[in-house]
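Residue numbers (the working numbering), protein chains in the order written: chain A, 208 to 461; chain B, 137 to 604.
The set of hints was computed from the structure by calculation and includes no laboratory data.
One thing to keep in mind: the hints can contain errors.
[What the hints assert, rightly or not] Computed, partial: chain A to chain B, Cβ under 10 Å:
1) L294
2) Y298
3) P303
4) V308
5) L311
6) V350
Ideal placement from N, C-alpha and C gives every residue a C-beta, glycine not left out.
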Amino acid sequence: MSNSPLLEIKDLHAGIGSKEILKGLSLSIGKDEVHAIMGPNGSGKSTLANVLAGHPGYKVTGGDVLFKGESLLAMKPDQRAHAGLFLAFQYPVAIPGVTMVNFLRQALNAKHGGEMPIRDFREKLFSKMGLLKMDQEFARRYVNDGFSGGEKKRAEMLQMAMLEPSLAVLDETDSGLDIDALRTVAEGVNALMNPEMGLLLITHYQRLLNYIKPQFVHVLIAGRIVRSGGPELAEELERTGYEEEEALVAGGNA
Amino acid sequence: MTTAEAIIKEGGYKWGFFDPEEALFKANKGLTHEIIDVMSDMKDEPQWMRDSRHRALDIFRQKQNPPWATDQLNDIDFDNIHYYVKATDRDESSWEDVPEYIKRTFDKLGIPEAEKKYLAGVGAQYDSEVVYHNIREDLAKQGVLFLGTDQGLQEHEDIFKEYFGTIIPAADNRFAALNTAVWSGGSFIYVPKGVKVEIPLQAYFRINTKDMGQFERTLIIADEGSQVHYVEGCTAPTYSSDSLHSAVVEIIVKKGARVRYTTIQNWSNNVYNLVTKRAVAYQDAVMEWVDGNLGSKLTMKYPSVYLMEPGAHGEILSLAFAGEGQHQDAGGKIVHAAPHTTSSIISKSLSKDGGRSSYRGLLKVYEGCDHVKSNVRCDALLLDEASRSDTYPTMEIDAPDVHIQHEAYVSKLGEDQLFYLMSRGLTEDAAAKMIVNGFVEPIVKELPMEYAVELNRLIELQMDGAVG
Numbered sequence: 208m209s210n211s212p213l214l215e216i217k218d219l220h221a222g223i224g225s226k227e228i229l230k231g232l233s234l235s236i237g238k239d240e241v242h243a244i245m246g247p248n249g250s251g252k253s254t255l256a257n258v259l260a261g262h263p264g265y266k267v268t269g270g271d272v273l274f275k276g277e278s279l280l281a282m283k284p285d286q287r288a289h290a291g292l293f294l295a296f297q298y299p300v301a302i303p304g305v306t307m308v309n310f311l312r313q314a315l316n317a318k319h320g321g322e323m324p325i326r327d328f329r330e331k332l333f334s335k336m337g338l339l340k341m342d343q344e345f346a347r348r349y350v351n352d353g354f355s356g357g358e359k360k361r362a363e364m365l366q367m368a369m370l371e372p373s374l375a376v377l378d379e380t381d382s383g384l385d386i387d388a389l390r391t392v393a394e395g396v397n398a399l400m401n402p403e404m405g406l407l408l409i410t411h412y413q414r415l416l417n418y419i420k421p422q423f424v425h426v427l428i429a430g431r432i433v434r435s436g437g438p439e440l441a442e443e444l445e446r447t448g449y450e451e452e453e454a455l456v457a458g459g460n461a
Numbered sequence: 137m138t139t140a141e142a143i144i145k146e147g148g149y150k151w152g153f154f155d156p157e158e159a160l161f162k163a164n165k166g167l168t169h170e171i172i173d174v175m176s177d178m179k180d181e182p183q184w185m186r187d188s189r190h191r192a193l194d195i196f197r198q199k200q201n202p203p204w205a206t207d208q209l210n211d212i213d214f215d216n217i218h219y220y221v222k223a224t225d226r227d228e229s230s231w232e233d234v235p236e237y238i239k240r241t242f243d244k245l246g247i248p249e250a251e252k253k254y255l256a257g258v259g260a261q262y263d264s265e266v267v268y269h270n271i272r273e274d275l276a277k278q279g280v281l282f283l284g285t286d287q288g289l290q291e292h293e294d295i296f297k298e299y300f301g302t303i304i305p306a307a308d309n310r311f312a313a314l315n316t317a318v319w320s321g322g323s324f325i326y327v328p329k330g331v332k333v334e335i336p337l338q339a340y341f342r343i344n345t346k347d348m349g350q351f352e353r354t355l356i357i358a359d360e361g362s363q364v365h366y367v368e369g370c371t372a373p374t375y376s377s378d379s380l381h382s383a384v385v386e387i388i389v390k391k392g393a394r395v396r397y398t399t400i401q402n403w404s405n406n407v408y409n410l411v412t413k414r415a416v417a418y419q420d421a422v423m424e425w426v427d428g429n430l431g432s433k434l435t436m437k438y439p440s441v442y443l444m445e446p447g448a449h450g451e452i453l454s455l456a457f458a459g460e461g462q463h464q465d466a467g468g469k470i471v472h473a474a475p476h477t478t479s480s481i482i483s484k485s486l487s488k489d490g491g492r493s494s495y496r497g498l499l500k501v502y503e504g505c506d507h508v509k510s511n512v513r514c515d516a517l518l519l520d521e522a523s524r525s526d527t528y529p530t531m532e533i534d535a536p537d538v539h540i541q542h543e544a545y546v547s548k549l550g551e552d553q554l555f556y557l558m559s560r561g562l563t564e565d566a567a568a569k570m571i572v573n574g575f576v577e578p579i580v581k582e583l584p585m586e587y588a589v590e591l592n593r594l595i596e597l598q599m600d601g602a603v604g
């Protein structure tokens with residue numbers, strides 16, 4: 208494991224408009240590490256994902272986020288992607304009229320700063336689709352347009368596979384998936400993981416973590432990480448729920 | 137760098153080049169009965185056509201602009217327009233005979249290359265006369281006529297007279313009257329019974345004389361069971377004073393025949409583009425309009441299909457892009473004049489930099505025309521706050537047993553879509569272009585390949601610097 212972490216979030220404060228949602232979040236993720244952030248609804252999970260990727264609707268009011276030693280905060284979303292960050296969206300939006308294959312090709316060309324030979328591109332695309340057990344026909348469909356929940360999540364994994372990020376953030380990737388779809392997606396993620404890469408899973412439920420095993424589990428309540436531990440913490444939360452943690456935070460605030 | 141990017145880097149209006157005017161004959165400005173006689177003399181037309189022109193001029197003088205039209209129409213100064221310009225003496229049968237300065241212009245438009253690959257015949261309109269026409273021999277052997285309209289009148293007067301002005305009479309509207317009075321050039325196509333023309337027939341149109349009105353007249357007759365796809369593309373050089381383009385297109389689709397008429401227009405920003413296009417479709421016939429409008433100052437164009445007998449199907453795909461100072465007033469009309477007829481209209485419009493797009497549509501079902509099915513869908517995409525989109529759909533349904541669907545959507549270039557694409561590494565500009573290209577895809581995919589490429593380029597040009 209490398210000494211300097213891939214991602215360092217330092218006392219991050221952020222929100223929408225004047226509403227602060229993240230209230231001093233700190234977290235460090237290194238190469239070859241799988242982290243999970245768990246928390247109830249409204250704890251700030253999706254805000255964290257959006258702030259990391261640079262959604263213009265969110266405002267950072269304090270703290271910093273370092274990615275490979277450089278601050279992400281001044282970068283536009285496309286620059287963050289070029290730096291090696293990837294966000295798998297909870298609700299990927301549809302881009303009607305744009306095929307997956309065209310979208311992926313342009314995204315890859317943007318990343319490489321030039322035209323990738325069409326043959327190399329197709330080879331890569333079909334090998335990654337094979338890895339994710341996707342039908343080649345899928346590449347001809349319009350991005351997320353009329354996709355089922357499972358198809359959307361698999362399309363996100365395909366994008367991740369093609370772009371080969373050094374840090375992937377998976378926002379509620381398990382939501383809306385039945386158990387078979389969840390297993391397929393998880394197998395895909397595991398196959399894509401490599402020692403040079405970091406992974407951050409953001410989830411409400413523990414069930415995703417049965418398939419993608421994190422070494423580190425963090426509990427996010429009201430915009431702050433209140434507890435960190437190993438995989439056993441996830442199992443404990445599954446049994447007890449978030450009430451105990453929430454009560455603790457509420458008590459602390461009172 | 138892609139070709140599209142290279143073009144964007146060049147900037148400006150790529151096809152705004154123009155040649156010094158070398159027209160052989162240019163009529164004085166303004167419209168009189170004397171000008172019509174001069175024109176008719178030079179064209180050596182039969183008396184009935186001369187009479188038809190004179191009658192149409194009288195009608196034009198009595199007619200007003202339509203009451204629903206935008207005030208911009210009143211800005212046209214009809215006395216400040218050349219109504220007839222003749223660039224060469226006659227149609228040229230081979231490329232070698234085409235005058236050099238006209239070739240230069242066509243070279244820039246890529247006509248010879250296009251011809252090699254795609255064309256069955258080329259009808260290229262330069263100013264008011266057709267200067268270059270070529271039709272593949274096998275088509276000629278099948279009896280397919282693809283001529284300049286003037287030549288069509290000279291050589292096939294019997295067919296011509298039977299159909300000319302029957303679909304769009306001079307009295308239809310002010311601009312149809314104007315066109316009937318001073319029409320010149322355009323394409324004349326006749327496809328005999330059962331003949332299927334597999335490759336699109338193409339014509340390029342281009343205005344090249346200052347203050348010149350272009351009034352081409354196109355007449356297409358698809359006889360029973362025949363099939364043809366006609367494609368026209370227009371680009372015009374930029375001039376400082378307003379130019380008027382007012383065409384009339386009449387199409388007859390007989391029993392079991394199929395016609396598709398595809399237009400991509402990119403007029404420079406001073407052109408008034410006021411076109412009347414109408415088709416009649418008989419039993420089991422199919423008529424399709426694919427109509428893309430970019431550029432111009434004001435475009436008013438509503439291709440229409442009259443479904444005259446059971447089994448007829450009409451389809452209109454309309455795309456409009458309104459940029460700064462532009463108003464695209466486009467749409468379509470479908471008239472169900474028989475039972476068991478079907479139709480669909482899909483309209484897509486984009487507005488940017490304060491541009492205005494309007495959808496204006498009519499769907500009419502006559503009494504007694506049951507079992508009619510129609511589907512109308514209008515999508516408008518606004519690229520910024522300053523731009524505008526309006527919808528004026530009219531439905532007149534006088535039969536009880538019909539199935540009509542109408543949907544209209546207006547959307548703004550979405551922050552979430554932009555963010556999603558940017559998070560995959562696309563710049564904001566590239567993301568916006570991708571969204572727009574996706575938006576117009578349902579129309580673009582219906583175009584012949586070279587037109588699809590050209591249209592995407594034109595849109596990317598228009599989109600340059602759209603965001604940020």
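Taking the hints in turn, this is what the structure says about them:
With 10 Å as the threshold, the beta carbon of L294 of chain A comes within range of chain B, its nearest partner Cβ sitting at about 6 Å, so the hint holds. Hint status for Y298 of chain A relative to chain B: holds, with the closest Cβ pair at about 9 Å, below 10 Å. The closest approach between the C-beta of P303 of chain A and any C-beta of chain B is roughly 5 Å, which is under the 10 Å cut-off, so the hint is satisfied. A distance limit of 10 Å between C-beta atoms decides the matter here; for V308 of chain A the minimum to chain B is near 13 Å, and the interface restraint is violated.
Interface hint at L311 of chain A: satisfied, since its Cβ lies 8 Å from the closest Cβ of chain B, which is below the 10 Å cut-off. Restraint check, V350 of chain A versus chain B: the minimum CB separation of about 8 Å is within 10 Å; hint holds.
When each numbered hint is compared with the structure, a violation occurs for hint 4 only.
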